[in-house]
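Colleague: The lines below spell out each chain.
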Amino acid sequence: MTPELTVLILTTLLQIVTFVLYAIPANRELGPGYTMSARDREPTRKMSDRTARLGRAMDNTFEALILFGIAAIVITLTDQSTPYTALLSWIFLAARIVYIPAYAFGWRPGRSLIWAVGFTATTLMLIAALF
Amino acid sequence: MTETTILAAYGLLVLLTILLQVLGGMQQLSLGYLMSSRDESRTVTGMTARLGRALNNSVVAMALFAPAVLILVLLDRTSSASLLAAQVFLIARIVYLPVYAFGIPAVRTLAWLAGFAATAFLYLLAL
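Chains F and G supply the protein sequences, listed in that same order.
Under my numbering, the residue at position 113 of the first sequence is numbered 113, and the numbers go up by one with no gaps.
Under my numbering, the residue at position 85 of the second sequence is numbered 85, and the numbers go up by one with no gaps.
For reference, chain F alone in the conformation it holds in the complex (with noise of 0.2 Å):
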C-alpha cells in the first residue's frame, strides 16, 4: 500500500471520528425526538456555537477528502507515487487533524491558514499526478 492509501484510510478515520464529536452533542442539544424525525422543520432548540462548528468541518472535510481520495488512488494507479507525494499526503493529514480543534476553538486566523495547507498540498498532488 501506498503512503497516499495509507493516509486516505487515515483521513477517512479521522472523518469517523469528527461525525462522533458532532453527533454526541447535536444529539444531546436538539434532543433525539428532532434528529430522529425527519427534520422537515426546523429545530426548535438551537445548537451551540461549538456544536455547529464541528458540523461545518465535518462538511469541509468531505470536500477535502473526495479531492484528495482522487490525488491518492491516481497516484498509486499510476504508479506515480514519490517521497514528494507521500510527504505532501502527511501534510495534507497533519493539516486536516489541526484544523478539527481550529474551528471548534475559533481559531483565528488559524483555521484558514490550515485549510490552505491542506488545500495546497492536495493542489501539488492533483499536479504531480497530471505531469
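Warning: the hint list may mix true and false statements.
[To be verified] To be clear about the criterion: a stretch of chain F counts as covered by chain G if any three or more of its residues have a C-beta under 8 Å from a C-beta of chain G, and this derived list gives those stretches:
1. 43-54
2. 67-76
3. 109-120
4. 124-130
[What the hints assert, rightly or not] What follows is a list of derived Cβ distance ranges for each label pair:
5. T35(F) / A63(G): 23 to 31 Å
6. T35(F) / D76(G): 27 to 35 Å
7. E40(G) / G110(F): 18 to 26 Å
[What the hints assert, rightly or not] Which residues of chain F face chain G? A few of them, derived with a C-beta cut under 8 Å, are:
8. E63
9. Y103
10. G106
Please keep in mind that the hints were generated in silico from the structure rather than gathered at the bench.
Predicted, not measured: the structure shown is a model, and the values here were computed from it.
Don't be surprised by glycine CBs; every beta carbon is placed ideally from N, CA and C.
Got chain F; can you put chain G on it based on the hints?
Modeller: Leaving out everything else, chain G in the frame of chain F:
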C-alpha cells in the same frame, strides 16, 4: 490523456472552483468574517452564490465520476469509448463552470446533462 489523468485534471478544476468561490467571498463578506468561526451565517449573492452552487454540483459529479473511472481502470476495461466519455465529461464540466458563474441558462443545463450522460455511460461500460 488517459481516464486517470482526466480525473486528476477534473480534481484541479474543482480546486479552482473552490478558489474562485473563496475570492468572491472575500469581496462580499470580508476576509475577517471568512477567517472567523462563522457562528452567524451570512449569505453571498450573485456570481459568488452561483459559484457556490456550481461547487456543490461539481462535488456531487466528482463523487459519481471518480468511482466509474477507477472501476474501469482497476478492471482493465478502459477503451476508446470510455476515453471519449471521460473527455466529454471533462469538457462539459469545464463549460459548466463559467456558464453557471455568468448565469447563462439552458447552456448550463445542457452542459450538466452531457456530464451526467457521460458518467452514466461509463457505469454501463463498467458493468
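Colleague: All the hints need checking, so say for each whether the structure fits it.
Modeller: Hint by hint, here is what the structure shows:
1. 43-54: Since three or more residues must qualify, the claim that chain G covers the stretch 43-54 of chain F holds, with 3 doing so at under 8 Å.
2. 67-76: holds (count 6)
3. 109-120: holds (count 4)
4. 124-130: As far as the stretch 124-130 of chain F goes, the hint holds, because 4 residues have Cβ atoms under 8 Å from chain G.
5. T35(F) / A63(G): 23 to 31 Å: holds (24 Å)
6. T35(F) / D76(G): 27 to 35 Å: Violated - the Cβ-Cβ distance for T35(F) and D76(G), about 45 Å, lies outside 27 to 35 Å.
7. E40(G) / G110(F): 18 to 26 Å: Cβ of E40(G) to Cβ of G110(F): about 20 Å, so the range 18 to 26 Å holds.
8. E63: Cβ of E63(F) sits 6 Å from chain G, so the hint holds.
9. Y103: OK, holds: Y103(F) within 8 Å of chain G, min 6 Å.
10. G106: Holds: closest Cβ of chain G sits about 4 Å from G106(F), inside 8 Å.
This entry does not satisfy hint 6, going by the numbered hints stated previously; all others are met.
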